[in-house]
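Chain by chain, the residues:
Number of protein chains: 2
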Amino acid sequence: MRIIVIGGTAAGPKAASRAKRLNQGAEVILIQKAPELSMASCGYPYYVSGGVSSRDQLLATPAGVVRDPLFFAGAKGVKALVNTEATAVDAKAKTVTFHRAGGKPETLDYDKLILCTGSTPRIPPFPGVGLEGVFTLHSMSDADILRSVGAAAAGKHAVIAGGGLIGMETCEALAACGMTVTVVEKLPHILAFLDPELSMLVENHARAKGAQVITGMGVAGFEGTDGRVSGVRLEDGRTLPCHLAVVALGVSPNVQLAREAGLAIGATGGIAVDKHMRTCDPDIYAAGDCVEVSCRLTGTKTLAPYGDLANLEGRVAGENAALGDLAIFPGTIHSGICKVFDFAAGSTGLSERKAREAGYDVVCAVNASPDKPGFMGAKLLISKMVADAGTGRILGFQCVGAGEVNRQVAEAAMAVMAGMTVEEACMADLPYAPPFSLAIDHFIATAHILDNKMRGLYEGASSQEVKQGIDDGVESYFLDVRGPGEFEEMRLGIGETLIPLGQLRNRLDELPADKSARIVAYCKVSMRGYEAQRVLQAKGYDNVVVMEGGIMAWPFAREK
Amino acid sequence: MRIIVIGGTAAGPKAASRAKRLNQGAEVILIQKAPELSMASCGYPYYVSGGVSSRDQLLATPAGVVRDPLFFAGAKGVKALVNTEATAVDAKAKTVTFHRAGGKPETLDYDKLILCTGSTPRIPPFPGVGLEGVFTLHSMSDADILRSVGAAAAGKHAVIAGGGLIGMETCEALAACGMTVTVVEKLPHILAFLDPELSMLVENHARAKGAQVITGMGVAGFEGTDGRVSGVRLEDGRTLPCHLAVVALGVSPNVQLAREAGLAIGATGGIAVDKHMRTCDPDIYAAGDCVEVSCRLTGTKTLAPYGDLANLEGRVAGENAALGDLAIFPGTIHSGICKVFDFAAGSTGLSERKAREAGYDVVCAVNASPDKPGFMGAKLLISKMVADAGTGRILGFQCVGAGEVNRQVAEAAMAVMAGMTVEEACMADLPYAPPFSLAIDHFIATAHILDNKMRGLYEGASSQEVKQGIDDGVESYFLDVRGPGEFEEMRLGIGETLIPLGQLRNRLDELPADKSARIVAYCKVSMRGYEAQRVLQAKGYDNVVVMEGGIMAWPFAREK
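Protein chains in written order, with this note's numbering: chain Y, 1 to 560; chain C, 1 to 560.
FYI, nobody ran anything at the bench for these hints, they're computed from the structure.
Check before you lean on any hint, since a few could be wrong.
The list treats identical chains as interchangeable, and a pair is accepted whether it falls inside one copy or across any two copies.
Here are the simulated DSS-like cross-link-like pairs (lysine-lysine), alpha carbons at most 27 Å apart as the crow flies [what the hints assert, rightly or not]:
| # | residue 1 | residue 2 |
| --- | --- | --- |
| 1 | Lys79 | Lys539 |
| 2 | Lys275 | Lys453 |
| 3 | Lys92 | Lys33 |
| 4 | Lys467 | Lys379 |
| 5 | Lys104 | Lys79 |
| 6 | Lys560 | Lys467 |
| 7 | Lys104 | Lys33 |
| 8 | Lys467 | Lys209 |
| 9 | Lys467 | Lys515 |
| 10 | Lys515 | Lys539 |
Note that the structure is predicted; figures quoted are calculated from it, not measured.
Assemble the whole structure, with the sequences as input and the hints as a guide.
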């Protein structure tokens, strides 16, 4: 029995290793176009920044052994061919044609084939895109080049087209090289997996760390002199001068081999596979960036080019190629996280926007609160929970901030996968000790807010809604219920009145006489804002909303 | 309507605040024996150590306002009486009798009563337990005293009776004061929520940080001169000289008021409540350390005196007292975490021991692997997953190490709560980026090992089993499949043979000729050990086991 795996970055090596492990009698051959194998490609930005000191760290096992063909032969029993390009698959004859660097075409037959052909950066046909100094960050060689160019460009300017995960990670990497960096994003906001309330906070943070972030503006082309990029032209005609530019506009699945072999390609553009990662050909599996997978929540097909999923898909494909279709890949819930300077930004499940697009009747809440007690060095987290109004099922959770986003999104991902409801999340029993979390974990507190909202015990408005109201001239009484010291230090300046919560019950005469007047109550994070709402509602004010997340979740300009 | 809450640490303030928030028309009175309110009692060890600089940090809101009666009146609308002891409840007349410091008894009637009377440190009637210098760490005043005594005792010796959560946190706190500390635990191992494989690793770590840990040995009494403790006598007759001693042998629920009021007390000794946190009296609720709650997994009643649960229980009791029995507390899954020097140790669900006691047919796996990629500064985690053999349901998960235990146990807690199976955990879609986790998250990798074991694709033995085999003289061939450099640096010295995995396929002739000979394969973490097992099994060796977690999970003495 011979199993051939095409592609050697993430899904391929995993599939090959798993297949061999489960079927030691099989001959497993891994065909890899690049010179390297099993690269930690998600680590490229940290290599570009210099944070990762040597290239080998991205290529070696924890024991320090580089994962080259010798390693794969000895440790994994897998025959790996590098610098080797597969050029054709004959699904009928069950053969793969390939050629080694500078070699003639060779053909091998297979019993089972696994396609892990990966993806390619999406590069629109911009004028000047071929100029020297216009890069992508996708391959090990991309990373090598950008690292050496970045290291020599301190003080110079870089423009990054695209404010997604890779764009923002590359922004941080080049800033770490000492460059000044501008990110240009065509969508209204960066990090499209976040809703605007949260992505704007990340934009503000990136700006505070010295990056420029231009949103709602596409790149129109690149300008250059002597074949070298000198500027990025935006769709509004402006040109941003630059020393180098990076195109980070996402990736497209590599499906040419599959298509030419007659395999079905899905509507998303990825290779179509079933839950066993099997293509329409019973002897051909596919895994990694080149396939489309199911969203577990909506059932729709989606591209999910993430390193962790590539490994899981590869594991399933490898097992099934070796043993028959036993293993199942259940799909994605779009969990992701990235570091943006001192912030992390993560998300799992559906954003509000995605959930509405999928037809859900959506309820949401925004929460700003620390990750642990103040006396343990708390840092702030701002989160948004999205749920289905009818069933209470949690559809998604997003979290950004300087605090420990990691734990929050990981536990939320489990909740989303399990179909947990908001009510269940309210009573989650999570590990607690002061060095690690609050007694009421941030995720649980977010569920408490949303549960209160769903039960009519809390009327909330997002910072976006409040700002929209101001812009639209909606008459409102803005009530800041913090202390005078806090007000002196920082305030919105939207015409608000300060009445500290502790005095509110005795100063009701300062509020609008009309009990139907719209009152927007808030504090630093809107815990006290919520108390104020309850107090006022009990006094007959029937149009009081809490600005969710308070000042900490306000992404717009402040008076101070 | 009047709601009286007795107890002002965690559950009480939460219940009172929630009740008032939901029913602004109610008069809510909080009766508190101590001078402080709403103390962050889980933070006491970090106050004793000096890590938390001021007492107010444990007592103040994030905005820096001390949660005193003035705060509760203004911000929460709750009337809080401190230094006030409730002495009797007349459930028939619906009255509470109490007296303020130095005052005469007063009586108030209530519509609803919430008992949050907390717990008291368990102090066996040891000889000498009343000596000066024998402390507990339970109240704010305990913390004040221990902080001042500890700060003045650098270089001196402390003995802690009890190696549970509080014992180990206090050990670290006093060590941070510069004391040398000995922990004495009567059970075979510290931190009883862990199985021995993991608790021994924490013991080793505490020893490496300079603490002494004596296990399997109870305290028999205290010795002293001039009324002051000078030593702790152990059950074997030894005396450990000491400057101070701390009794940390757990807590007992305070149920005297409830019992005298005729309320039902459960078999565990805690106040019996239903899922609404209601006692057998329809107008009396109870929450926090004083109640017994249900284990969500086994349905049995249990004491769960944890700060996070106290808050959740208080929230439910407060809501139900205010609005009627709407809210439900679903019970505990025993999630917990603590910091022990540079390690964290956490657990959720059932340990192997607890699961066996509950009658489950248990399967387990131990995994040692980093928390993130090596190039991002990985730290090690050692985990154990416990599942029900029949259904595959994950019953519990424990994790210790210098790595990010917090995320692991939090996501595991969600999985346990949701009834997730090992198979489902194998394909979890969790947030991944190199600064935060491995592409295959540690928890998922643990599930992979257990899934392989359950399907007969992996034969494992714990370090305990291997050690037992050595002690019992079971003949085994110990096969270390790491590299020579690693072997030179660190090795077990149990008679093992080194054959690097990469050479194994070509050196089979060095193995025992008898293919039924017992072979124990391992490496640093036993990934390579597993590869070796698969290779040998394919060659006809039918008695090969992997030592789970490899050398990193070996808690016994090593040759080097």
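Here is what the structure says about each hint:
In this homomeric assembly, lysine 79 and lysine 539 come within 27 Å of each other (Cα to Cα) only across copies, at 19 Å, whereas the closest approach inside a single copy is 77 Å. Only between protomers do lysine 275 and lysine 453 lie at most 27 Å apart by alpha-carbon distance; the minimum there is 23 Å, versus 38 Å within a single protomer. Taking the closest pair of Cα atoms, lysine 92 and lysine 33 come within 27 Å of each other only inside a single copy of the chain (24 Å); across copies the shortest separation is 83 Å, beyond that limit. Proximity of lysine 467 to lysine 379 under the C-alpha cut-off of 27 Å is restricted to the intra-copy arrangement: shortest distance 26 Å within a copy versus 44 Å between copies.
In the homo-oligomer, the alpha carbons of lysine 104 and lysine 79 lie at most 27 Å apart inside one protomer (19 Å), although the nearest pairing across protomers, at 88 Å, exceeds that limit. When the C-alpha separation of lysine 560 and lysine 467 is checked against a cutoff of 27 Å, the pair qualifies only within one copy, where the shortest distance is 17 Å, while the shortest distance between copies is 65 Å. Taking the closest pair of Cα atoms, lysine 104 and lysine 33 come within 27 Å of each other only inside a single copy of the chain (15 Å); across copies the shortest separation is 88 Å, beyond that limit. Taking CA atoms no more than 27 Å apart as the test, lysine 467 paired with lysine 209 passes inside one copy only; the shortest distance there is 25 Å, against 53 Å between copies.
Taking CA atoms no more than 27 Å apart as the test, lysine 467 paired with lysine 515 passes inside one copy only; the shortest distance there is 22 Å, against 75 Å between copies. Taking identical chains as interchangeable, the C-alpha atoms of lysine 515 and lysine 539 lie at most 27 Å apart only when both belong to the same chain, with a minimum of 9 Å there against 83 Å between chains.
Of the numbered hints listed earlier, not one is contradicted by the structure.
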